[in-house]
Amino acid sequence: MSLLESGLLNILDNEHEPFLKRLTVADNAFKSSEFLLPHKEAFLFKWIITNSVHSNKESWECFNNWLNSEQFKELNRGDIDNEEIYCIIKSMEEKIMLTDDHDISSDMTIIICSLILLENRICQQYFKYNAEFYCHFVSSIIQKISCAKYLEEVLKKNLFHKTIIEEEKFHKHFLDIILPTLVDCLQKFNIPLALFEQVSVVVQKFFEDNKTEKPTVPKTLFKHLLNFYKDDTEKAKVKYKLILHALCKAYEADFNLSYKFVILLVHIIGFDLKDKLIFYKGSKLEIPVPEISLSKSQEIMLELLDILCRTNVKMDCSVKELMFSEFIRNILRQLLYLNTPSDTCYHIFIKAIVIDPVVIEPIIDGLICYTMTADNRKQETEYENLIVSIFEVYSKLHRIENLIAKLVSSLYDKFNGATIALKEIYEFRGQCDIDSRDIKAKHFKIDNILTKKILEYVSTCICNLASWQVINVFKTLLHYLKKHLSCIDITGNEDWLYFAYMKILSVLITTVLSSIRVAEHTIASNVVQKSVKELEELRNVLQQFGMSLLHREHNHTLMRSFLNIAYHWAEIYIILVYYSDNKEVQLKKSIDSDITPCNITYMHPYLSVKQWCLISERITNFGEVPCKLLLKKLYVQKLRALLLFEKSVNDDLVLSVTRNITSDLENNWRDILYDKFIINNLLLKMDSASVLLIAEYLINNIDDFKNLNKQIHILDSSLFLTAINYKIITKINKLLLKQKRKLNEDVLKTGFKY
Numbered sequence: 034m035s036l037l038e039s040g041l042l043n044i045l046d047n048e049h050e051p052f053l054k055r056l057t058v059a060d061n062a063f064k065s066s067e068f069l070l071p072h073k074e075a076f077l078f079k080w081i082i083t084n085s086v087h088s089n090k091e092s093w094e095c096f097n098n099w100l101n102s103e104q105f106k107e108l109n110r111g112d113i114d115n116e117e118i119y120c121i122i123k124s125m126e127e128k129i130m131l132t133d134d135h136d137i138s139s140d141m142t143i144i145i146c147s148l149i150l151l152e153n154r155i156c157q158q159y160f161k162y163n164a165e166f167y168c169h170f171v172s173s174i175i176q177k178i179s180c181a182k183y184l185e186e187v188l189k190k191n192l193f194h195k196t197i198i199e200e201e202k203f204h205k206h207f208l209d210i211i212l213p214t215l216v217d218c219l220q221k222f223n224i225p226l227a228l229f230e231q232v233s234v235v236v237q238k239f240f241e242d243n244k245t246e247k248p249t250v251p252k253t254l255f256k257h258l259l260n261f262y263k264d265d266t267e268k269a270k271v272k273y274k275l276i277l278h279a280l281c282k283a284y285e286a287d288f289n290l291s292y293k294f295v296i297l298l299v300h301i302i303g304f305d306l307k308d309k310l311i312f313y314k315g316s317k318l319e320i321p322v323p324e325i326s327l328s329k330s331q332e333i334m335l336e337l338l339d340i341l342c343r344t345n346v347k348m349d350c351s352v353k354e355l356m357f358s359e360f361i362r363n364i365l366r367q368l369l370y371l372n373t374p375s376d377t378c379y380h381i382f383i384k385a386i387v388i389d390p391v392v393i394e395p396i397i398d399g400l401i402c403y404t405m406t407a408d409n410r411k412q413e414t415e416y417e418n419l420i421v422s423i424f425e426v427y428s429k430l431h432r433i434e435n436l437i438a439k440l441v442s443s444l445y446d447k448f449n450g451a452t453i454a455l456k457e458i459y460e461f462r463g464q465c466d467i468d469s470r471d472i473k474a475k476h477f478k479i480d481n482i483l484t485k486k487i488l489e490y491v492s493t494c495i496c497n498l499a500s501w502q503v504i505n506v507f508k509t510l511l512h513y514l515k516k517h518l519s520c521i522d523i524t525g526n527e528d529w530l531y532f533a534y535m536k537i538l539s540v541l542i543t544t545v546l547s548s549i550r551v552a553e554h555t556i557a558s559n560v561v562q563k564s565v566k567e568l569e570e571l572r573n574v575l576q577q578f579g580m581s582l583l584h585r586e587h588n589h590t591l592m593r594s595f596l597n598i599a600y601h602w603a604e605i606y607i608i609l610v611y612y613s614d615n616k617e618v619q620l621k622k623s624i625d626s627d628i629t630p631c632n633i634t635y636m637h638p639y640l641s642v643k644q645w646c647l648i649s650e651r652i653t654n655f656g657e658v659p660c661k662l663l664l665k666k667l668y669v670q671k672l673r674a675l676l677l678f679e680k681s682v683n684d685d686l687v688l689s690v691t692r693n694i695t696s697d698l699e700n701n702w703r704d705i706l707y708d709k710f711i712i713n714n715l716l717l718k719m720d721s722a723s724v725l726l727i728a729e730y731l732i733n734n735i736d737d738f739k740n741l742n743k744q745i746h747i748l749d750s751s752l753f754l755t756a757i758n759y760k761i762i763t764k765i766n767k768l769l770l771k772q773k774r775k776l777n778e779d780v781l782k783t784g785f786k787y
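According to the working numbering, the sequence shown is numbered sequentially starting from 34.
In short, the hints are calculated from the structure, not lab data. Hints are not guaranteed to be accurate.
[Said to hold, decoys possible] Here are the computed lysine-lysine pairs in the BS3-like style, where the Cα-Cα straight-line distance is at most 30 Å:
#, residue 1, residue 2
1, Lys771, Lys709
2, Lys128, Lys161
3, Lys54, Lys106
4, Lys79, Lys195
5, Lys515, Lys478
6, Lys384, Lys221
7, Lys478, Lys508
8, Lys123, Lys64
9, Lys293, Lys347
10, Lys268, Lys189
11, Lys128, Lys177
12, Lys439, Lys516
13, Lys73, Lys54
14, Lys767, Lys485
15, Lys293, Lys263
16, Lys486, Lys190
17, Lys771, Lys743
18, Lys106, Lys90
19, Lys252, Lys195
20, Lys177, Lys190
21, Lys221, Lys106
22, Lys54, Lys79
23, Lys486, Lys743
24, Lys516, Lys661
25, Lys516, Lys384
26, Lys643, Lys566
27, Lys252, Lys182
28, Lys128, Lys252
29, Lys666, Lys709
30, Lys64, Lys90
31, Lys739, Lys485
32, Lys263, Lys252
33, Lys190, Lys205
34, Lys563, Lys666
35, Lys563, Lys515
36, Lys739, Lys767
37, Lys128, Lys268
38, Lys516, Lys478
Generate the whole structure from the sequences, applying the supplied hints.
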């Protein structure tokens, strides 16, 4: 150390002087052209970094000014040597690691100073031969950035110059040091899309050397890919996703390369792609079987497909005569027969459909059985989204008719013990930590299979079909209904799979009947005639169905299916007779003097009065609530038809039906309330106690009460509005009386009078 340097250091390290005064001396020394000290800038840099505490804004701002000066930018090798650069960078790295994220302003200044050092010409010359040191320094900077938007801006800078990338071991250091830090940052900020894409741009630098045909890049990458899955699931997902995205972007014009890379990744995460795709068995790519779990592998697979959704894929691209579309389909086949469906599995199928909508067509039989016979209680939303996605695909292909035929035939075979033949499947070689598939009666609920959302979309699809297609769909459903009815064991078969399939058919048939458009004046006469012919066929099937039920013990599921179809069959007939111009459409009415509610032969003459009364008796004694509600709807339906088509209706019959539907208001009040016919025609016939009780149920159910303004028929009923007002005033009065009693009790306790 020279005498001049020693003297300056004594002044700057004199703790008896205020730091700001010493900082001013250092600043003047840096700026003075007359102060000729060898390696002056390096000397002052080391001093200011060493002596600046994190919270000292003045010193970091001073250092920032030095770094931005032309004096620093014009330094050459004679002004600062490699050892000094190392000391300066190392000291800065230590300061960065000491930041505590509390003083954002100081943190930003330190980070800005570090970024300036990265961009300096002299420093870059040093980093060219010290790539590992450079990667550590960059890593320390980006992991301390606390704002996703700012990190995105930092990454847009040219952090990895070509001179650094060309360093022999840069790629190893990048994967060892930079990539894990970038992944940590993405996870810290919950992987925002803009930041992910910018990080991907940085990772693409990794592949730039590959374009120079150096053999080190693939080898280095493969070694790391084999170890990524050893990370925790979330970290592994981000790493694989990031690498694939970067490669697809770097080689956008060469999807064949991306396809090969996907094959490699799928093999690495445990799927056995057979010798015809992976031919290096015995190499380092041979993964030990217990290293990865199925659940983790599926989550990684989902991330890979997510990237492919955003990539311009070529479905006809081939590797060893296997097209990309078939490769994706084979992966889906593997999922179909491997495990119980999960939300991840459903997301994988949805992503695959986005990549190639027709990828599911050859495997639709297996997919239907896989999804619809599973316990979907934990992933109901994902299940619904997948089924709707399937219907969307077939709707756009104009093959809804084919899909429904596949659905009922596949489920019929499944419920009758048939198995679907397996084709080429990529077996999983790791740990299968997901339960195998098994249909269990206790988990199997039809309402969870054909949910409201699914049925609404199916109905929309049916409405968009041509009339002849709707008739064909109806014929298909009717065929399987007749086929399934022939299997009824009149001695009392209690096979729950049989009951489940019958209910599925019932729901689909009623959905079609609810969606059919045959009464419109634009519908051709021959279409109406064909529809009536099929309805007559259904009438005969209903007769067979009803009589079969009477010859066996009561079963709630079968009875509900029967009543549901019967109700919707009559509804479509009422609409046809009332609205259609086709004079050939006639209602085969059966009128008698029996006014009991169970006599519904007027609309349902395929069974006798005695048979309907026996069904009513069984439901009353043994039936569950849904059956009882359906039966009441049939009573009301008959009354509605009488009022539409007959000149006069017996008042005793009206009163009889009214008393029947008000006999179980706890379960029936909502059906009454939302039925426009009942409110307009039967409400006045009800006793006041029933009307008030319905009003009370409505008020106590907040969701229904909130939607009251949407029910115009209720708002138009002065009687029901009066009942609502009465119940509200009664409740207010009770609250006031309760409050008054409480006040009186408080007064008595305190001894005050008023």
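Okay, the hints, checked on the actual structure:
no.: 1; hint: Lys771 x Lys709; in the structure: 38 Å, violated
no.: 2; hint: Lys128 x Lys161; in the structure: 23 Å, holds
no.: 3; hint: Lys54 x Lys106; in the structure: 26 Å, holds
no.: 4; hint: Lys79 x Lys195; in the structure: 28 Å, holds
no.: 5; hint: Lys515 x Lys478; in the structure: 23 Å, holds
no.: 6; hint: Lys384 x Lys221; in the structure: 25 Å, holds
no.: 7; hint: Lys478 x Lys508; in the structure: 26 Å, holds
no.: 8; hint: Lys123 x Lys64; in the structure: 24 Å, holds
no.: 9; hint: Lys293 x Lys347; in the structure: 13 Å, holds
no.: 10; hint: Lys268 x Lys189; in the structure: 23 Å, holds
no.: 11; hint: Lys128 x Lys177; in the structure: 11 Å, holds
no.: 12; hint: Lys439 x Lys516; in the structure: 15 Å, holds
no.: 13; hint: Lys73 x Lys54; in the structure: 19 Å, holds
no.: 14; hint: Lys767 x Lys485; in the structure: 39 Å, violated
no.: 15; hint: Lys293 x Lys263; in the structure: 22 Å, holds
no.: 16; hint: Lys486 x Lys190; in the structure: 48 Å, violated
no.: 17; hint: Lys771 x Lys743; in the structure: 34 Å, violated
no.: 18; hint: Lys106 x Lys90; in the structure: 23 Å, holds
no.: 19; hint: Lys252 x Lys195; in the structure: 20 Å, holds
no.: 20; hint: Lys177 x Lys190; in the structure: 17 Å, holds
no.: 21; hint: Lys221 x Lys106; in the structure: 35 Å, violated
no.: 22; hint: Lys54 x Lys79; in the structure: 18 Å, holds
no.: 23; hint: Lys486 x Lys743; in the structure: 21 Å, holds
no.: 24; hint: Lys516 x Lys661; in the structure: 27 Å, holds
no.: 25; hint: Lys516 x Lys384; in the structure: 36 Å, violated
no.: 26; hint: Lys643 x Lys566; in the structure: 27 Å, holds
no.: 27; hint: Lys252 x Lys182; in the structure: 34 Å, violated
no.: 28; hint: Lys128 x Lys252; in the structure: 36 Å, violated
no.: 29; hint: Lys666 x Lys709; in the structure: 13 Å, holds
no.: 30; hint: Lys64 x Lys90; in the structure: 20 Å, holds
no.: 31; hint: Lys739 x Lys485; in the structure: 21 Å, holds
no.: 32; hint: Lys263 x Lys252; in the structure: 19 Å, holds
no.: 33; hint: Lys190 x Lys205; in the structure: 22 Å, holds
no.: 34; hint: Lys563 x Lys666; in the structure: 28 Å, holds
no.: 35; hint: Lys563 x Lys515; in the structure: 19 Å, holds
no.: 36; hint: Lys739 x Lys767; in the structure: 22 Å, holds
no.: 37; hint: Lys128 x Lys268; in the structure: 28 Å, holds
no.: 38; hint: Lys516 x Lys478; in the structure: 22 Å, holds
In this structure, the earlier hints numbered 1, 14, 16, 17, 21, 25, 27 and 28 are contradicted, and the remaining ones agree with it.
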